[in-house]
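Visitor: Guided by the hints, dock chain B onto chain A, whose structure is given.
Chains A and B, in that order, are what the protein sequence lines are. For the first sequence, the UniProt record's numbering begins at 1 and goes up steadily by one. For the second sequence, the UniProt record's numbering begins at 1 and goes up steadily by one.
Hints are not guaranteed to be accurate.
[As the list claims (entries may be wrong)] Mimicking BS3-like on lysine-lysine, the simulated pairs with C-alpha atoms at most 30 angstroms apart in a straight line are: (1) B:Lys-107 to A:Lys-182; (2) B:Lys-154 to A:Lys-186; (3) B:Lys-154 to A:Lys-107; (4) B:Lys-182 to B:Lys-154; (5) A:Lys-154 to B:Lys-107; (6) B:Lys-83 to B:Lys-154; (7) A:Lys-182 to B:Lys-83; (8) A:Lys-83 to A:Lys-154; (9) A:Lys-182 to A:Lys-107; (10) A:Lys-182 to B:Lys-182; (11) B:Lys-83 to A:Lys-186; (12) B:Lys-186 to B:Lys-154; (13) B:Lys-154 to B:Lys-107; (14) B:Lys-186 to A:Lys-182; (15) A:Lys-154 to A:Lys-182; (16) A:Lys-182 to B:Lys-154; (17) B:Lys-186 to A:Lys-107; (18) A:Lys-83 to B:Lys-186; (19) B:Lys-182 to A:Lys-83; (20) B:Lys-107 to B:Lys-186; (21) B:Lys-186 to A:Lys-186; (22) A:Lys-83 to B:Lys-83; (23) A:Lys-154 to A:Lys-107; (24) B:Lys-83 to A:Lys-154; (25) B:Lys-154 to A:Lys-83; (26) A:Lys-83 to A:Lys-182; (27) A:Lys-186 to A:Lys-154; (28) A:Lys-186 to A:Lys-107; (29) B:Lys-107 to B:Lys-182; (30) A:Lys-186 to B:Lys-107; (31) B:Lys-107 to B:Lys-83; (32) A:Lys-154 to B:Lys-154.
In short, the hints are calculated from the structure, not lab data.
Number of protein chains: 2
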Amino acid sequence: MSSLFTRHSSRHSHHGQNITPQPPYGGGFAPSRSYGPPPGADPMLWQWFSSVDTDRSGSISATELQRALVNGNWSNFDLDTIKMLMGIFDTDRSGTIGFAEFAGLWKYISDWQEAFRRFDRDGSGSIDQRELAQALHSYGYNLSPSLIGLIEAKYASPPSDGYGPPPGITFDRFVRACVVVKTLTKLFQDADTDRDGWIQINYEQFMSMVLTTP
Amino acid sequence: MSSLFTRHSSRHSHHGQNITPQPPYGGGFAPSRSYGPPPGADPMLWQWFSSVDTDRSGSISATELQRALVNGNWSNFDLDTIKMLMGIFDTDRSGTIGFAEFAGLWKYISDWQEAFRRFDRDGSGSIDQRELAQALHSYGYNLSPSLIGLIEAKYASPPSDGYGPPPGITFDRFVRACVVVKTLTKLFQDADTDRDGWIQINYEQFMSMVLTTP
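The shape of chain A in the complex, shown without the other chains (with noise of 0.2 angstroms):
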């Protein structure tokens, strides 16, 4: 299970900065600055917007989003798992994410967290060997045994302690895991333009489809 936006510790907060904005002096507009939903917002997720925007600016920056993002034993999100989220719901590119970009955000952690329950079989908290098989199966990928075994070698995090079971691979790491699988088949099957199953690449060509995954 994920818990996904935490409360903050108190070494994080900000304290003593939220100050009510009182109406300009003899009445008039509401300062533009004020912090406060726009009209209509879902109350539930301003609400979780704005724990997540603990220095009040509006949006959201991606220190405060890897602050606010947690698996479910607790570690942090990777910094290239909320360059992932941020690459794409960040829309406007302004290097944040903003209240209308957020609701997207939301919705696709919500989703990959019910998927992840979902393949969480064993209920462990994280995603074995044939955990992953199955989810990377259920989306279309068959890939061989040997490439399945890979990717959980790079996903998964080591045991604590150096040795016992491997504990598998956590919630951001198997989302990121997966959206690789997806982004590097898409570049394969572009790149393999007679449909032939080989593709012919140079150097150039190479590094660029890695270096563009997450």
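Guide: Below, chain B without anything else, positioned relative to chain A:
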């Protein structure tokens, strides 16, 4: 500048476990589980090793290593960098780093620190796109501006507040970027058996190449 092995906060250290082993009653060999440097060990290296080996198990787990290693901006090393280091230096595949293996790890990190300081020309504590191009050039990789841009985008940290100048690449991600370029280039060259700058590969080979890189 990268501080590497830091003092641990009290939150992480284990108290009350440092009981000096007593010699067996009546004399004899000291218990084999006693905690101390092997004969002839470099005292300074032992000092560093034992400060990382917080549970005094005699070897360093991935978790202990990740806790001990920080970048110049105090961010922890990525799990992917930790796994890469364990993969290189856990030569007996025990899942942990013993003292003999630690000597190699320590030298590797020290050498990379020296390289990082040399390439960080402006002393900013991180590597920008220009410095990255110079670093890779000095290692014999003359990559196109487009590939340098992709590497910078992949490994740089996002601006902490979402705007302002990009903060560049921290130490651990710089090391990983260089190792990834080296690994991918080697894989490409090995596949390019006729040395014409082009490779022909199928999906299985393509995926394997990408998934074996750190």
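Visitor: If a hint holds in the structure, say so; if it doesn't, say that too.
Guide: The hints, checked one at a time:
Under the criterion of a C-alpha separation no larger than 30 angstroms, the hint pairing B:Lys-107 with A:Lys-182 is inconsistent with the structure, at around 38 angstroms. Straight-line distance between C-alpha atoms of B:Lys-154 and A:Lys-186 comes to about 19 angstroms, which keeps the hinted pair within the 30 angstroms bound. In summary, the hint linking B:Lys-154 to A:Lys-107 is supported, as the alpha carbons are separated by about 25 angstroms, within the 30 angstroms threshold. With a C-alpha separation of about 16 angstroms, the suggested pair B:Lys-182 and B:Lys-154 falls inside the 30 angstroms cut-off, and the hint holds.
At roughly 25 angstroms between alpha-carbon atoms, A:Lys-154 and B:Lys-107 fall within 30 angstroms of each other, so this suggested pair holds. For the hint pairing B:Lys-83 with B:Lys-154, the CA-to-CA distance comes to about 18 angstroms; that is within 30 angstroms, so the pair holds. With a C-alpha separation of about 23 angstroms, the suggested pair A:Lys-182 and B:Lys-83 falls inside the 30 angstroms cut-off, and the hint holds. Using a Cα cut-off of 30 angstroms, the hinted pair A:Lys-83 and A:Lys-154 holds, with the two alpha carbons roughly 18 angstroms apart.
The straight-line distance between the Cα atoms of A:Lys-182 and A:Lys-107 is roughly 19 angstroms, inside the 30 angstroms bound, and the hint therefore holds. With a C-alpha separation of about 25 angstroms, the suggested pair A:Lys-182 and B:Lys-182 falls inside the 30 angstroms cut-off, and the hint holds. Simply put, B:Lys-83 and A:Lys-186 have alpha-carbon atoms about 27 angstroms apart, close enough for the 30 angstroms limit, and the pair holds. Straight-line distance between C-alpha atoms of B:Lys-186 and B:Lys-154 comes to about 20 angstroms, which keeps the hinted pair within the 30 angstroms bound.
Straight-line distance between C-alpha atoms of B:Lys-154 and B:Lys-107 comes to about 27 angstroms, which keeps the hinted pair within the 30 angstroms bound. The hinted pair formed by B:Lys-186 and A:Lys-182 meets the criterion: a straight-line CA distance of about 25 angstroms does not exceed 30 angstroms. Taking the CA atoms of A:Lys-154 and A:Lys-182, the gap is near 16 angstroms; set against the 30 angstroms cutoff, the hint holds. Pair hint A:Lys-182 plus B:Lys-154 holds up; C-alpha atoms about 18 angstroms apart against a cutoff of 30 angstroms.
Restraint check: the Cα-Cα separation between B:Lys-186 and A:Lys-107 comes to about 40 angstroms, which exceeds 30 angstroms; the hinted pair is violated. Note on A:Lys-83 and B:Lys-186: the hinted pairing holds, with a Cα-Cα distance of about 27 angstroms set against a maximum of 30 angstroms. Proximity of B:Lys-182 to A:Lys-83 is assessed by CA-CA distance (about 23 angstroms); at most 30 angstroms being required, the pair is judged to hold. For the hint linking B:Lys-107 to B:Lys-186, the alpha-carbon distance of about 23 angstroms falls within 30 angstroms, and the restraint holds.
Among the hinted pairs, B:Lys-186 with A:Lys-186 is consistent with the structure: their alpha-carbon atoms are about 24 angstroms apart, no more than 30 angstroms. Between A:Lys-83 and B:Lys-83 the CA atoms are separated by roughly 20 angstroms; this keeps the pair inside 30 angstroms, and the hint holds. A hinted pair counts as satisfied when its Cα atoms are at most 30 angstroms apart, and A:Lys-154 with A:Lys-107 qualifies at roughly 27 angstroms. At roughly 8 angstroms between alpha-carbon atoms, B:Lys-83 and A:Lys-154 fall within 30 angstroms of each other, so this suggested pair holds.
Using a Cα cut-off of 30 angstroms, the hinted pair B:Lys-154 and A:Lys-83 holds, with the two alpha carbons roughly 8 angstroms apart. Of the supplied pair hints, the one linking A:Lys-83 and A:Lys-182 holds, its CA atoms being roughly 17 angstroms apart against a limit of 30 angstroms. At most 30 angstroms may separate the alpha-carbon atoms for a hinted pair to count; A:Lys-186 and A:Lys-154 meet this at roughly 20 angstroms. For the suggested pair A:Lys-186 and A:Lys-107, the alpha carbons sit about 23 angstroms apart, so the restraint of at most 30 angstroms is met.
Among the hinted pairs, B:Lys-107 with B:Lys-182 is consistent with the structure: their alpha-carbon atoms are about 19 angstroms apart, no more than 30 angstroms. About 40 angstroms separates the Cα atoms of A:Lys-186 and B:Lys-107, which puts this hinted pair outside 30 angstroms; it is violated. Pair hint B:Lys-107 plus B:Lys-83 holds up; C-alpha atoms about 17 angstroms apart against a cutoff of 30 angstroms. Simply put, A:Lys-154 and B:Lys-154 have alpha-carbon atoms about 17 angstroms apart, close enough for the 30 angstroms limit, and the pair holds.
The earlier numbered hints that this structure contradicts are 1, 17 and 30.
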